[in-house]
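Undergrad: Spelled out from the first residue to the last, the chains are:
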Amino acid sequence: MTLNLDSKVPEGPMADKWSNYIAEQKLVNPANKRKFKIIVVGTGLAGASAAATFGELGYQVESFTFHDSPRRAHSIAAQGGINAAKNYPGDGDSVHRLFYDTVKGGDFRSREANVHRLAEVSVNIIDQMVAQGVPFAREYGGLLDNRSFGGAQVSRTFYARGQTGQQLLLGAYQQLSRQIGLGNVKLWNRIEMVDVVNIDGRCAGIVTRDLMTGEVRSHAAHAVVLATGGYGNAFFLSTNAMACNVTAAWRAHRRGAGFANPSYTQIHPTCIPQADEFQSKLTLMSESLRNDGRIWVPKDPDETRAAKDVPEDERDYYLERIYPSFGNLAPRDVSSRAAKRAVDAGQGVGPLKNGVYLDFAEAINRLGLDTVWERYSNLFEMYERITGEDPRETPMRIYPASHYTMGGLWVDYELQTTIPGLFAAGEANFSDHGANRLGASALMQGLSDGYFVLPYTIAPYLSDLLNKPIPDENHEAFTAAEQEARDRYQGYLDIGGTKSPDHFHRELGKIIWDYCGMGRNQVGLEKALAEIPALHEEFKTDLRVTGDGASMNQTLEKAARVDDFFELGMLMCKDALVREESCGGHFREEYQTDDGEAVRNDDEFAHVTAWEWSGDPSNPIENREPLEYEVVKFATRSYK
Amino acid sequence: MAQTLSRGPVTGTAVKAPGKKKPFVLDLYGTAVGKKYVMAITGLVGLGFVITHMIGNLKVFLGPINEDGQRVYDIDIYGEFLRDLAVPLLPRTYVLWGLRFVLIGAVLLHIHAAYGLTQINRKARSVKYQSARDYQIANFASRSMRYTGVIVLLFIIWHIADLTWGSTGADWSRGDVYFNIDQSLSRIPVALLYIVANIALGIHLFHGVWSLFQSLGWNNPRFNAWRRNAAIGAAALIVVGNVSIPVATLAGIIEFDDTVVSVHDLHGSGEEEGADE
Amino acid sequence: MSHTLTNISLKIWRQDGPDGQGRFETHQIPEISDEASFLEMLDILNERLIEENKEAIVFDHDCREGICGTCSLMIDGQAHGPQKGTATCQLHMRTFSSGDEIVIEPWRATAFPIIKDLMVDRSPFDRIVEAGGFITAPTGGAPDANLIPIPKPVSDSAMDNAACIGCGACVAACPNGAASLFTSAKLTHLNVLPQGQSERFKRAESMVETMEEYFGSCTNHGECSSACPKEISIDAIAVMNTDYRKSKLKNRKSLSRK
Numbered sequence: 015m016t017l018n019l020d021s022k023v024p025e026g027p028m029a030d031k032w033s034n035y036i037a038e039q040k041l042v043n044p045a046n047k048r049k050f051k052i053i054v055v056g057t058g059l060a061g062a063s064a065a066a067t068f069g070e071l072g073y074q075v076e077s078f079t080f081h082d083s084p085r086r087a088h089s090i091a092a093q094g095g096i097n098a099a100k101n102y103p104g105d106g107d108s109v110h111r112l113f114y115d116t117v118k119g120g121d122f123r124s125r126e127a128n129v130h131r132l133a134e135v136s137v138n139i140i141d142q143m144v145a146q147g148v149p150f151a152r153e154y155g156g157l158l159d160n161r162s163f164g165g166a167q168v169s170r171t172f173y174a175r176g177q178t179g180q181q182l183l184l185g186a187y188q189q190l191s192r193q194i195g196l197g198n199v200k201l202w203n204r205i206e207m208v209d210v211v212n213i214d215g216r217c218a219g220i221v222t223r224d225l226m227t228g229e230v231r232s233h234a235a236h237a238v239v240l241a242t243g244g245y246g247n248a249f250f251l252s253t254n255a256m257a258c259n260v261t262a263a264w265r266a267h268r269r270g271a272g273f274a275n276p277s278y279t280q281i282h283p284t285c286i287p288q289a290d291e292f293q294s295k296l297t298l299m300s301e302s303l304r305n306d307g308r309i310w311v312p313k314d315p316d317e318t319r320a321a322k323d324v325p326e327d328e329r330d331y332y333l334e335r336i337y338p339s340f341g342n343l344a345p346r347d348v349s350s351r352a353a354k355r356a357v358d359a360g361q362g363v364g365p366l367k368n369g370v371y372l373d374f375a376e377a378i379n380r381l382g383l384d385t386v387w388e389r390y391s392n393l394f395e396m397y398e399r400i401t402g403e404d405p406r407e408t409p410m411r412i413y414p415a416s417h418y419t420m421g422g423l424w425v426d427y428e429l430q431t432t433i434p435g436l437f438a439a440g441e442a443n444f445s446d447h448g449a450n451r452l453g454a455s456a457l458m459q460g461l462s463d464g465y466f467v468l469p470y471t472i473a474p475y476l477s478d479l480l481n482k483p484i485p486d487e488n489h490e491a492f493t494a495a496e497q498e499a500r501d502r503y504q505g506y507l508d509i510g511g512t513k514s515p516d517h518f519h520r521e522l523g524k525i526i527w528d529y530c531g532m533g534r535n536q537v538g539l540e541k542a543l544a545e546i547p548a549l550h551e552e553f554k555t556d557l558r559v560t561g562d563g564a565s566m567n568q569t570l571e572k573a574a575r576v577d578d579f580f581e582l583g584m585l586m587c588k589d590a591l592v593r594e595e596s597c598g599g600h601f602r603e604e605y606q607t608d609d610g611e612a613v614r615n616d617d618e619f620a621h622v623t624a625w626e627w628s629g630d631p632s633n634p635i636e637n638r639e640p641l642e643y644e645v646v647k648f649a650t651r652s653y654k
Numbered sequence: 026m027a028q029t030l031s032r033g034p035v036t037g038t039a040v041k042a043p044g045k046k047k048p049f050v051l052d053l054y055g056t057a058v059g060k061k062y063v064m065a066i067t068g069l070v071g072l073g074f075v076i077t078h079m080i081g082n083l084k085v086f087l088g089p090i091n092e093d094g095q096r097v098y099d100i101d102i103y104g105e106f107l108r109d110l111a112v113p114l115l116p117r118t119y120v121l122w123g124l125r126f127v128l129i130g131a132v133l134l135h136i137h138a139a140y141g142l143t144q145i146n147r148k149a150r151s152v153k154y155q156s157a158r159d160y161q162i163a164n165f166a167s168r169s170m171r172y173t174g175v176i177v178l179l180f181i182i183w184h185i186a187d188l189t190w191g192s193t194g195a196d197w198s199r200g201d202v203y204f205n206i207d208q209s210l211s212r213i214p215v216a217l218l219y220i221v222a223n224i225a226l227g228i229h230l231f232h233g234v235w236s237l238f239q240s241l242g243w244n245n246p247r248f249n250a251w252r253r254n255a256a257i258g259a260a261a262l263i264v265v266g267n268v269s270i271p272v273a274t275l276a277g278i279i280e281f282d283d284t285v286v287s288v289h290d291l292h293g294s295g296e297e298e299g300a301d302e
Numbered sequence: 581m582s583h584t585l586t587n588i589s590l591k592i593w594r595q596d597g598p599d600g601q602g603r604f605e606t607h608q609i610p611e612i613s614d615e616a617s618f619l620e621m622l623d624i625l626n627e628r629l630i631e632e633n634k635e636a637i638v639f640d641h642d643c644r645e646g647i648c649g650t651c652s653l654m655i656d657g658q659a660h661g662p663q664k665g666t667a668t669c670q671l672h673m674r675t676f677s678s679g680d681e682i683v684i685e686p687w688r689a690t691a692f693p694i695i696k697d698l699m700v701d702r703s704p705f706d707r708i709v710e711a712g713g714f715i716t717a718p719t720g721g722a723p724d725a726n727l728i729p730i731p732k733p734v735s736d737s738a739m740d741n742a743a744c745i746g747c748g749a750c751v752a753a754c755p756n757g758a759a760s761l762f763t764s765a766k767l768t769h770l771n772v773l774p775q776g777q778s779e780r781f782k783r784a785e786s787m788v789e790t791m792e793e794y795f796g797s798c799t800n801h802g803e804c805s806s807a808c809p810k811e812i813s814i815d816a817i818a819v820m821n822t823d824y825r826k827s828k829l830k831n832r833k834s835l836s837r838k
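Protein chains in written order, with my numbering: chain A, 15 to 654; chain B, 26 to 302; chain C, 581 to 838.
Note that these hints are calculated values from the structure, not bench results. Take the hints with a grain of salt, since some may be wrong.
[What the hints assert, rightly or not] With a cut-off of at most 27 Å between alpha-carbon atoms, the simulated DSSO-like pairs for lysine-lysine come out as follows:
no. : chain 1 : residue 1 : chain 2 : residue 2
1   : C       : 782       : B       : 46
2   : A       : 118       : A       : 647
3   : B       : 46        : C       : 830
[As the list claims (entries may be wrong)] Pairwise CB distance ranges, derived in the manner of DEER restraints:
no. : chain 1 : residue 1 : chain 2 : residue 2 : range
4   : C       : 778       : A       : 231       : 37 to 43 Å
5   : C       : 589       : B       : 50        : 51 to 57 Å
6   : B       : 164       : A       : 505       : 53 to 59 Å
7   : C       : 603       : A       : 512       : 27 to 33 Å
[Claimed, not checked] Covered stretches of chain B (in silico footprint by chain C; criterion: 3 or more residues with CB under 8 Å from a CB of chain C, positions within the stretch not fixed):
no. : region
8   : 33 to 39
9   : 50 to 58
10  : 135 to 149
11  : 155 to 162
12  : 166 to 180
13  : 228 to 236
14  : 242 to 256
Treat the numbers as computed from the prediction; the structure is a model and nothing was measured. Each residue gets a CB set at the ideal place from its N, CA and C atoms; glycine is no exception.
Let's have the full structure, built from the sequences with the hints guiding it.
TA: Printed below as a string of structure tokens:
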């Protein structure tokens, strides 16, 4: 154990920690801010909001996106909403309750102080976004509307139709655009970060590759923020966008940043099942559908009749049966596993028998077609566009899919990784969701990190560097990293094998999904840890990348990303293997009750596992940050 | 790996040197949105003229009326009325000329703005689609504006030469509107020309009338549904009204009767006054 | 349920770079499931091209859920293809029939130069937003979110226009290569909200003028709205025209008051 995992949680009672921190932190005076240069990689909610705020504060900011425009970041695809402890409906919500729900929802595997801060600033986020013109849903009286989400007992979710992520991202993008227009932020688009460079134990900048020209070059700065999202695409099939990847975080990890809890991945229960083996992407259907839809499978695995012809007594409404108090609203991890059990038992529906029904017939009878249509028309239409079936006539088919990753770069209370000067924000870090994220909390965390946390927590680091120049881009650490990157990309082109990057990605994804997906066990994980390196070897010798490295080449981009997914995949399995308990998104089949519920082991595993790069991807070094709970008491999550 | 020229970052795009201040109208006209305003307003002037002109022309169907015991063509009296507008406040034909200048100005501006917009739009897509487009909403009218516009312009010039200057070969007498119409439109090719040109005008107006609400920003959900109807109505009205005249002439419904007195004789005023019409 | 389409032939635009001479290339798809999305068909074609040691076709795409606005493609002469209110990534093969020839071209506009094959550079859209497509509200210090009630119809109208995904289909579909729908959607979103009033006319002036540096002019064909995957109405363009005219007067007035 050589990583320094000092969480730097401030002193004082939980509710005062953040205000104490703000009151006592070191500041950078306005005249000095312009002397500091900060690089922000990624322009999603966390990246765009951080870059915009740094720009407003007066720092020199350079913002990087591998998309054509900052507005394309995948935050845009979030549908449901954003939580905030505003208590506008007056139904008993408070900062403390949001904090408590998030810690409990995370299965007691998150850092309390971070979560409390998140709950505190959640209220500022809503104020901020409304001031920017985000058109949240409103009541007829003109005040903001709230809904309950993901089985929460209070209505604390703000939403903008089924496009909340889009509207919030556009808000942050517009703030960033304003700073770009004013000249406070420099935007580099279609540029991918391919390495992190450290000089004298501090992060000194990054190396990038221009996707349009293949040019590899360095960018030096006083501090670097990675807001590069999650790694859900390790599974190949996921609800993530096609380009989402782990490269930025992984390259940072290889340069010394600890990677925490990679096995904590969230599987979302309501996605449209795969239609054929060439499918490249799964589509999420908002969880809100479970408010009115009933989930069932035929009792008989050999059932061949159409859904509506299956009589009531031959249907198994398994969620209502097993979890009578939560029924169809059981949390994501619980209902995902239940669907998997049904499909594994051969009761799956659809041509590939790989889904379960989400049936609106009962809701239509009870509420009338008009009401149901009013509530879900956009989702019904989307479903019909994709599957060609009308959910009003025949039940939807759904199946769980990889959706979000709670794991990520280890960060302390200041969101600093184990490399001084390298910060991580949003889904790229591991901090706030523990082993399972609650619905409508991802948007909250991204904006909280970018708008309200980093702008404060980066100052103490910078204030120590006052009057130190921006590192020299010609320093040998930079030139060496550049050369390494050039060789790496040229290497993919030179292999001259027979199989495409997508082929390997699909194979890799299958292994990770089968052995490190919804259910994991020692045998499977060990098998995966043997298969992945073998496949990786094949990748290194049999990859084929056509085209050249000096113009836009999506095959080449993909090759590099898949290469990093291989190494990450090994770490995910390794992490899942050593965590001998079931918690949140991590379900070890050896650790369950007789009726299939997760069994957590707080005595031995109430810690964060932060992995350290050893140079050999199959032998990472384990480090632990113990989790101490001052306020919340351990309890078993039960939804029966 | 071959290195290509570095691309720089984007920044400071909204910081612009303040431009020279021009008068409001010129400033607005310098922009494409401003040019569309000019198109719409001059188009409205043109539309107003076309409608008035048509109403006046339809008097041809009223034929001769009794005026001080003499039979005289109603439309000839109307022609005289136009020349006499605001007399005696202003000398004869002053107002008419004033209106003509407004109309000519509007037409010139309409053409100038259209030319400017066409240039802008050509530049905006310097390489065209290499495969066939499949338009969904854009209709024949909206896509043929510049062609129907040119047809209408050429027609107006011919129409003035024909019935104002009498220089297209038909028998022509200044101020005898009914006579001149009959003489000119009895020629079948000329009647056909009038019909074709008015259909082109109708097509031009169909898109123009719908479009001007958009350009002027006159948009209200309450009357949006009526805009399409207004455009169809205006276009149909003009086409039917104007085309009826050559058709009626060919059909012999409009047939000059030489027992009817010329309007000059009625008022005792003559060509010696040298007034244009 | 699902069935297989056969003998689809694709005529696809290939171009090596911004200055390259482009050409159509024809590829056969002998069999494809009608459950496949249009872009999955291109994925499969690309796999085959790599197998044949040829360069894969470059095209922009990302979320495949119709919300990020990255995908483009002129399909059979229509921006985003034949299905209304649908981005290319949500278009499925069941819209087509066996034996079809499908022509795929990049967006074409002078402001959207081709980067390679079917990929174009849409960054002028970012320039328009940078010019004024925001409400100035620096982080911190925002008043309580419920301080200003906003009538639901106003909020709904803002949302209708804010739904724009910035894909550029409006420009691609417009016979004039105009970006009026994109610009006016953003303007209308911000200009109808109470929060947007302080900068309303400054925003209108600078966004429209930046737009005109790159794009053609609106001649009210309505093609943009018909191609828009979010079906944004051209009513927004009328709002833009009004606000721009007013801006020319109001901005002058407030400037001369200095």
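Undergrad: Evaluate each hint against the coordinates.
TA: Right, here's what the structure says about each hint:
1. C:782 <-> B:46: The given pair, whose Cα atoms are some 16 Å apart, holds under the 27 Å limit.
2. A:118 <-> A:647: holds, 9 Å
3. B:46 <-> C:830: holds, 14 Å
4. C:778 <-> A:231: 37 to 43 Å: Once the Cβ atoms are compared, 41 Å apart, the range 37 to 43 Å for residue 231 of chain A and residue 778 of chain C holds.
5. C:589 <-> B:50: 51 to 57 Å: holds, 55 Å
6. B:164 <-> A:505: 53 to 59 Å: With a Cβ separation near 56 Å, residue 164 of chain B and residue 505 of chain A satisfy 53 to 59 Å, so the hint holds.
7. C:603 <-> A:512: 27 to 33 Å: holds, 28 Å
8. 33 to 39: holds (count 3)
9. 50 to 58: Per the Cβ count (5), the hint holds.
10. 135 to 149: holds (count 5)
11. 155 to 162: holds (count 8)
12. 166 to 180: holds (count 3)
13. 228 to 236: holds (count 3)
14. 242 to 256: holds (count 5)
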